[in-house]
Amino acid sequence: MVVRLEEAGFLRPGPVRDAFITMPREVLMPQAYVRRSAPGEEPRRWDLLDWSAPQDRPELLGLLYGEGSVLVQHDGEPLLGRARGTRSGASITSMSTVMGLTASLLEELDLRPGLRVLDVGTGAGVTAAVACQVCGDQGVVTLDRDRHRTDAAAARLAGLGFRPQVVCGSGEQGVPGREFDRIFVSYTVERVPRALVEQLAPGGKLLAHVTSASPSWPGLAVVGRTADGLITAELRAVEFAHRAGHGMARIWLSEEFRQRMGTEPGTWTRRIMPAPPADSDRGFWLAADHLLGGGLVRDFGSEHLAIGAPGCGSWMRAEPVGHRRCSVTVNGPRDIWNEIQDLADRWRAARSPDRYRLSFDADGRQRAASECGRLSWQLPAPRPLDVGATP
0 MVVRLEEAGF LRPGPVRDAF ITMPREVLMP QAYVRRSAPG EEPRRWDLLD
50 WSAPQDRPEL LGLLYGEGSV LVQHDGEPLL GRARGTRSGA SITSMSTVMG
100 LTASLLEELD LRPGLRVLDV GTGAGVTAAV ACQVCGDQGV VTLDRDRHRT
150 DAAAARLAGL GFRPQVVCGS GEQGVPGREF DRIFVSYTVE RVPRALVEQL
200 APGGKLLAHV TSASPSWPGL AVVGRTADGL ITAELRAVEF AHRAGHGMAR
250 IWLSEEFRQR MGTEPGTWTR RIMPAPPADS DRGFWLAADH LLGGGLVRDF
300 GSEHLAIGAP GCGSWMRAEP VGHRRCSVTV NGPRDIWNEI QDLADRWRAA
350 RSPDRYRLSF DADGRQRAAS ECGRLSWQLP APRPLDVGAT P
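Mapping the sequence shown onto numbering that gives the first Met the number 0, position 293 (from 1) lands on 292, and the numbers just tick up by one.
Hint data in this document are derived by calculation from the structure and do not stem from the laboratory.
Glycine included, C-beta positions come from ideal geometry on N, C-alpha and C.
Please note that the accuracy of each hint is not assured.
Listed next, with one range per pair, are the computed distances between beta-carbon atoms [unchecked claim]:
#1 Gln164 - His322: 16 to 24 Å
#2 Pro273 - Thr85: 33 to 41 Å
#3 Leu60 - Met272: 48 to 56 Å
#4 Glu66 - Gly246: 47 to 55 Å
#5 Arg259 - Asn337: 17 to 25 Å
#6 Gly8 - Gly202: 22 to 30 Å
#7 Pro273 - Thr231: 29 to 37 Å
#8 Gly293 - Asp344: 31 to 39 Å
Required output: the full structure, derived from the provided sequences and hints.
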């Protein structure tokens, strides 16, 4: 696994790589789910595999040391003392992040011995284990809103010889009264939690993925505090992000809607020049997610660009037909294509940014803006806070 992560550029020689090499993932995740039901089959079925069962080990080994997510909790259940076997209905309520994303973000954090680390969203405990290995467990706090997950993490981290402070409570509140050199949020948020910014120590760094209700075009908020206490922050356009946090609204394209987008004739079809911004123009798509009124989702399973607005039923698709030309089909009350083209002109006039300054106003507002200031938007207001943190 580590070799593959290195070859893909997610890991480099250093303490994070060393921690991945020495971490026995079967201690952190001695049980994991594998889906047995076919796509579309209801109710969905999963088997809980158990490391203590010899017949489960070959399949579980592939899950734990592969590069995908590991499914660790079904329907909010306790994680300790579970019997292996089949579960059906409900849904998976916790899973580890894909290893490439976890590794690259931990490298971005620049972990070093002695740093105080707040891991927000304990989950399976992988991030907390790496932080304990690199920084020392005395300065590590890991926080999750689910008591079953924190109980399991405390027990399993202890099995690795680590005893960080394990806290159950709202990630958006952090740990009031404490300061941290590194803060890592392992789920997606609509805005950077202000309490976490306030808990960032001078010289510190905070990482959190930020998206709208659409999962299609995420950003990574990188927040720092200078030695004299000033906050600096930027929102970088990225390809992948964590799953949405608790209570965050999400919109999706149904299979039926995807089929319509790919096959129906639409209201009009034209050959148009220029082509839409490329997939690699992530700074544009990040801005589009926030500036086009929301509600847009891309069908990444389509061969060519296809975007839908499930709220109103509008959609568009664009297929290349030559150099810088494409055939565009649009349907529904929104002309998504014209919205994209108008914003593309504004984005190019703003010098085609791939990242945006992120500012935190005294009244709590958060705003992203291009370096020249010609392209900007305000992030959503905060939702009501969840319960406070408790050890």
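| message | Could you work out which of the previously given hints the structure breaks and list their numbers from low to high? | response | 1, 2, 4 and 8
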